[in-house]
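**Q** In order, the protein sequences belong to chains A and B. Counting from 1, one number per residue, gives the positions in the first sequence under the working numbering. Counting from 1, one number per residue, gives the positions in the second sequence under the working numbering.
I should point out that these hints are in silico values taken from the structure, not numbers from a laboratory. Backbone N, C-alpha and C define an ideal beta-carbon position, used for all residues, glycine too. Certain hints may be false.
Computed footprint of chain A on chain B; a stretch qualifies when at least three of its residues, placed anywhere within it, have a C-beta under 8 angstroms from a C-beta of chain A [claimed, not checked]:
1. 27–39
2. 75–85
3. 90–100
Keeping only pairs whose Cα atoms sit at most 35 angstroms apart, straight-line, the calculated DSBU-like set for lysine-lysine is [as the list claims (entries may be wrong)]:
4. K73(A) to K34(B)
5. K73(A) to K8(B)
6. K8(B) to K117(B)
7. K117(B) to K126(A)
8. K8(B) to K34(B)
Far from chain A by the CB rule (all over 10 angstroms, computed), these chain B residues [claimed, not checked]:
9. M2
10. K8
11. I71
12. T106
13. L113
14. M115
15. S116
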Amino acid sequence: MADLILLFFLLVCAVTAVAQRELLNSAIILSIYSLIMAVVWVRLGAVDVAITEASVGAGISTVLFIAVLTRVKRREEITRFRVQVLPLIVVLAVGAALIYGTLDMPDFGSAAAVSNTHVVPRYLEKGVEETGTDNYVAAILASYRGYDTLGETTVIFTAGLCVVLLIRSEKKRRL
Amino acid sequence: MMDFILAKYNFWIYVIIMMIGFYAVIAKSNLIKKIIGLNIFQTSVFLLFISIGKVEGGTVPIYQGVEAVYINPLPHVLILTAIVVGVSITAVAFALVVNIYREYGTIEENAILEMSKTDD
């Protein structure tokens, strides 16, 4: 039951963040959305993800949002106040297709699902012995799938480079 | 019927959240709103992955003896990477938005399109 209430609040936050015209309010609601998401992660047993979501999703993202909102117009301008029909049709069609797709998915929480019976039992069996850490998430992240993490670091480096270049060219133009 | 709903509702909620984000990305004219939509879209995918890894009666994936049942840690690892990559995307998008605002003085997409039409 608690899960359902959390997921309901998640939906409410998502809708208000999108519908709100004052962009600062949107940013704060998005931060609340991230915090509720962090609680959902704890309920689903993903504690490492919850920590990251609370610090990165609710923390750094919000700081970035506010930093940008100090530089641009804070109010969304509405030229026509109505729900646009064509995007709505596209969204509903894609949503229906995705829901149809979930009907074939294994049941929520089933231990027999393919994703839970392949590769992972090996990690759980040998992880502590082979990597020397009690935390399986850390063991997989840094050891078994170390190359993924290397790729992630490359992405962050590239993104940082992009941001620096974009902001610098803007400063040059102002001079 | 009730069992069926209980077995799937997490996946349906992910679809609904994803569609809210998708609508914001394609229908909203404000660029910041589009980025908010993108963020919501991303988190919905995270919800799908973590839901797949959930094991009924399993504990948090931290070593507690060999016989314990654990929640699947692999989706957690993938999503940890994805959250950080998502923030990188947001940061680059913000840098672009700030530059667009300097150039055009607005972050409304239709106004920008009008202006670039008259530029030609």
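**Q** If you check each hint against the structure, which ones fail?
**A** Per hint list: 5, 6, 7, 10, 11, 12 violated.
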